[in-house]
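Asks: This is what each chain is made of:
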Amino acid sequence: MSEALLASETPGAGATKAPVPASGARQFWRRLRTQRAALVAAAVVALLVLVALAAPLLTALEGQDPTSYHPGLVDSARGGVPVGSFGGISADHWLGVEPQTGRDLFARLVYGARVSLGVALAATLLQIVLGVAVGLASGLGGRWLDQTLSRATDVMVALPLMVFALALLAVIPSSVPRPVLVALVVGFIQWGGVAKIVRAGTISLKSLDHVAAARLSGWGGVRIARRELLPALAAPVITYAALLVPTNITVEAALSFLGVGVKPPTASWGQMLTSADVWYQAAPQYLLLPAAALFVTVLALTVLGDGVRTALDPRAASRLRIGTGRKREGGS
Amino acid sequence: MTTTASASAATSVATKARRLTGGFGGLLGGGFTGFVVRRALGAVVTLFVLSVVIYAVFYVAPGDVAQITCGPRCSPAQVQQVSEQLKLDDPIHTRYLDFLSGIFAGHDYSTGTGVLHCDAPCLGLSYQTDQQVTELILNKVPVTGSLAIGAMVLWLILGVGTGVLSAWRRGRATERILTGVTLAGTATPVFVIGLILMILICGQLQWLPFPQYVPFTEDPQQWAWNLLLPWVSLALIEAAKYARLTRASMLETLAEDHVRTFRAYGVKERSIVGRHALRGALAPVIALSANDFGSMFGGALLTETLFGLPGLGRELVQAVRVVDLPVVVGMVMVTGFFVVLANAVADVLYAVADRRVVLS
Amino acid sequence: MSPDQSLEQGLVQGLVQVDDLSVEFGDVRAVDSVSFTLERGGALGLVGESGSGKSTVASALLGLHRGTGARVTGSVRVGGTDVGAATDAELRRLRGPVAAMVFQDPLSSLDPYYAVGDQIAEVYRTHSKASRRAARARAAEVLDRVGIPDAARRARSRPHEFSGGMRQRALIAMALACEPQLIVADEPTTALDVTVQAQILDLLHELREETGMGLLLVTHDVGVAAESIDDVLVMRHGRVVESGGVADVLAAPREAYTRQLLSAVPRVDAAREERPGDLGDVVVEAEGLRREFGRGRGAFAAVDGVSLSVRRGETLGIVGESGSGKTTLGRMLVGLLEPTAGLLRHGGAEKSGKGVVPGVQMVFQDPVSSLNPRRSVGESIADPLRARGDRDENAIRTRVRDLMERVGLDPAHYGRYPHEFSGGQRQRVGIARALAAEPRLIVCDEPVSALDVTTQAQVTALLAELQRELGLALVFVAHDLAVVRQVSDRVAVMRRGRIVEYGSVDEVYGSPQDPYTRQLLAAVPALDPAAAAARRTARRAISPGASGAAGKELAAA
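Residue numbers (the working numbering), protein chains in the order written: chain A, 405 to 736; chain B, 10 to 369; chain C, 151 to 707.
Since the hints were derived computationally from the structure, they do not count as laboratory data.
Positions of the beta carbon are idealized from the N, C-alpha and C atoms, including for glycine.
One thing to keep in mind: the hints can contain errors.
Unchecked claim - A few chain C residues facing chain B, derived, Cβ under 8 Å:
#	residue
1	L212
2	L214
3	T218
4	A250
5	M251
6	S259
7	E272
8	V273
9	T276
10	H277
11	K279
Claimed, not checked - Some chain B residues well away from chain C (every beta-carbon gap over 12 Å; in silico):
#	residue
12	S60
13	Y68
14	I208
15	T226
16	E227
17	T262
18	L291
19	P319
Can you make the complete structure from the sequences, with help from the hints?
Replies: Quick look at the structure:
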């Protein structure tokens, strides 16, 4: 009878020929590849990462370093304006020098990429680890644990990041290297969003029948969390993380701009902008270059983040692209 | 200001509203009052936890408070003196309770020679000026308030308007252009756009003065004229965030079944977008606004610093630079307080508009 | 409202005229050369299983495919309007005044943020020059017509404040607002309990008698069709398989598929297979089982003092409408939920401690969420084996392949993922997984309610066969009285957490004692239109008038 049943049963609408989701990564790449904007953004991000990694190499090529003062290249009589046209651009200093100190701008810019990306990635990693841990514990734990952790999460979300980070950075002793400190502070403050997502996901997944089935099979909590929950949580967490990275870049830049994040002599794009408004006439590139670097980096990461979301959650993405390129219904 | 925290908080009301499928009979006053009480209690608990966390973080966790307070050049004897003055040798919970009682009942500080009184709600005295922190904050509120309210009106109109327009014109060139502009907006830090605008408009073109705060009560015209640029800079960046949120929420609503119902009855697209889709986007926008409004009590840090406006944000930055701990802690507490309050009020307001929220 | 011209044309041509209609979504041809006509005032049913294209045809009548990327060919004329050629404005004038659609899911089909009356008024004002006040009055009028008690006041309520049945009535009221010539109803009763379903079908029938409008009813349920329509179109894979008068088609189907479909429909009055009389030991026994949800004033008992027992080789059916507590009871029996009070004995021994019980398994309702989409079906089936400590990979694989073969799956599909299977096949995977644990008792929670009727019949047959072979005890939880009757030895009828009737199938179905059981049985659609008419009269006797029924429903909500 089995064969008869098998034969008579028509494959339903769910039976598609798509490759199995085990190759989730491959499917992800395939979906990402179809988005031109995301690809361009990915290329830009890859280039930035490359520049950051190769910063010592690039500056060696130029023959400069980011911290050496060149008092001869700035006109101390005029308040430290770079000597020469266009902010002191020359064969030695490809993008000119910093006003007042005469430090090489190109070197500071490429080393700034290290700080920007490094701090943002480290902070994001910390946010995810903390958020996932708290969210999972909250979603799987009992009433009391959940209440306590949810309240803690609420507090973390309620605290305005900039205000809290600014205040924290002021009182923490400065024996720790500043970039590490900024990453730690931002990471420890801003995990609330991840925790909320993970908690909500855990709670809705917990009620799914396949989790009940795993329990009936006799598996314990840890195994169920690992096999049934975590893989399903990966997509929303990665999506969120992809948008956290550009946010963290902006936050680091803002803190450094306010003078409490990364401090000189370490180079950071935000910190370079602190005094840029004074020099815009004499050395416009001193303002424009870090601003452009920030803009391009954050834009590329945001576009890439949107692309990642589209590739990970095609259903939501198609909802957000409704009607694109099609004739609209009704109309008026 | 450009943080994802506020955006994620924004989803809280929305998801609450969506997750509920209802199915219960009429909801009357009793349930609603209960909801308000529960929400208020929740806010109080959050505030309490918040105060404990902040107090612990700033007065216990990092380093030697007396040393930090006194400054790097203090002699050990001086540090010891400060430590005594701050009662740092008392157990932490006594100090916290002391701090808490100050908020409700006021506080007297002995300076050795005399007594400085600090009225309730007392958040301590500034190390720098001996001024009451509460007073210090109150003095700055008009500046930040002027900046915040003007910018907020502007960004709500601009952001929600852009979001609605791109949802209505979806699939057309208008939408693509708006999406591109919005994306560029979210990628620009406020201090970059502010810097560039200031240099262009005040420096090169000289259309506007370099902003200088003039109180509204003194000269309303000058007040607005000077604040115009800060308003625009802040609003442009925030508007991009709101536009993205509005557009996404509206498109999500447009994909829902009930929209199909109205299409099937020949209701015009304009009315579907303007009435039904916009209504669905309201909850997240309200939630985000509440969060942003609360955060403003920490000052628009970057905008104020950039344009030199003497508001809460600049006060905080200055207090941080000189490690004026009571001012820093007081400002963080006040900001947290208003964010929690604004969120609670937004939830209640939203529940008035949509009683289904009460059911959660 | 309806232009005189189109009215005249309509009289000449019939209300709906569909010629050679095909609809393609990408490469998929959802509808393949369908033609039919519906005369003014007639009632036509489109009956078919999922994927038959019936809803796609219904949407095409209102031109709802326009702008979605679907390719529509052939001609569709409704009330004289050529739907394919009409301008957007003409199409809007068609939607509502000429043909009005009643959608399936009444909750999601109404805007949650606006009052029901306002939504109906909005539709009315779209097509008339009425003032706001007049439109609101019209909304109250049509709501009253569909049997919403105290309509003027209830019009100000929002959808979530209505019960499911009342929401469906509100959607019908919206359709009535512009006095259409045709109502297109897409599965209007699928989400509803059987008693409410009967009320809605009766309402549609009344409205048709009264206004003389046409009805095009889309349904997967042959019983629903038999209750409500004159002519029927049986569809499969986008094509019309058979058409004709509903009485003729149901009594003497010409096509093999129609016969297969009809024979798969479980009936409350069909002859039952004789089941073995002598039964084994008691496998599970419950005494005074109670489960509360919520705390404080919001607490309520989902299950309230239930006692029952199931023996080896026996099937206990638990039947009830939504909210009756049947699912909660099932979950307590397997240990997924802990009872608040009461005793539970498995194999004679009292259940000690929390958690799941070895030897007890469950088959779930939703074939989508009951399997982890990220694991191959073979791995899912192997779960109980690995959990109990089996380590021999070869033995596990062999056993899983055996199980797959046993439930009618191809063992070669071990490594495939759930989305590659149909709903029925996924349910088989679920059954295989339950069997892997070598259980004494399987609780089946609505195991076939998400499946098409032909697939339903195959899955219930498989369960019965496995039971005979392995001597399993089964608890079969379902809302469908006919399915429960077909598979069970004994039946418990649940209502609001309590068992109102408990006995052998013949007792419960043959001579029901409780009035609620009688009401349930009276509401089950009959497959014979003549019998359906008789039962409709009988139902009117039980609960006179539609508004009376709605009133009761309101009180219950």
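Asks: Work down the list of hints and note, for each, if the structure agrees.
Replies: Outcome of the hint check:
1. L212: holds, 6 Å
2. L214: For L214/C, the interface hint holds, since the closest Cβ of chain B sits about 6 Å away, which is under 8 Å.
3. T218: violated, 10 Å
4. A250: This interface hint holds because 7 Å falls under the 8 Å limit.
5. M251: At about 4 Å, which falls below the 8 Å cut-off, the nearest Cβ of chain B leaves the hint on M251/C intact, so it holds.
6. S259: holds, 5 Å
7. E272: Holds, because the Cβ-Cβ distance from E272/C to chain B comes to roughly 7 Å (cut-off 8 Å).
8. V273: Where the cut-off is 8 Å and the nearest Cβ of chain B is about 4 Å from V273/C, the hint holds.
9. T276: holds, 5 Å
10. H277: holds, 7 Å
11. K279: violated, 15 Å
12. S60: holds, 29 Å
13. Y68: Y68/B clear of chain C: closest Cβ-Cβ about 38 Å, beyond 12 Å.
14. I208: holds, 46 Å
15. T226: At roughly 42 Å from the nearest Cβ of chain C, T226/B sits farther out than 12 Å, so the non-interface label holds.
16. E227: Per Cβ check, E227/B is outside 12 Å of chain C; nearest 45 Å; holds.
17. T262: With a cut-off of 12 Å, T262/B comes too close to chain C, as the shortest Cβ separation is near 9 Å.
18. L291: violated, 8 Å
19. P319: It holds; P319/B is separated from chain C by about 43 Å at its closest Cβ, greater than 12 Å.
Checked against the numbered hints given earlier, the structure breaks hints 3, 11, 17 and 18 and satisfies all the rest.
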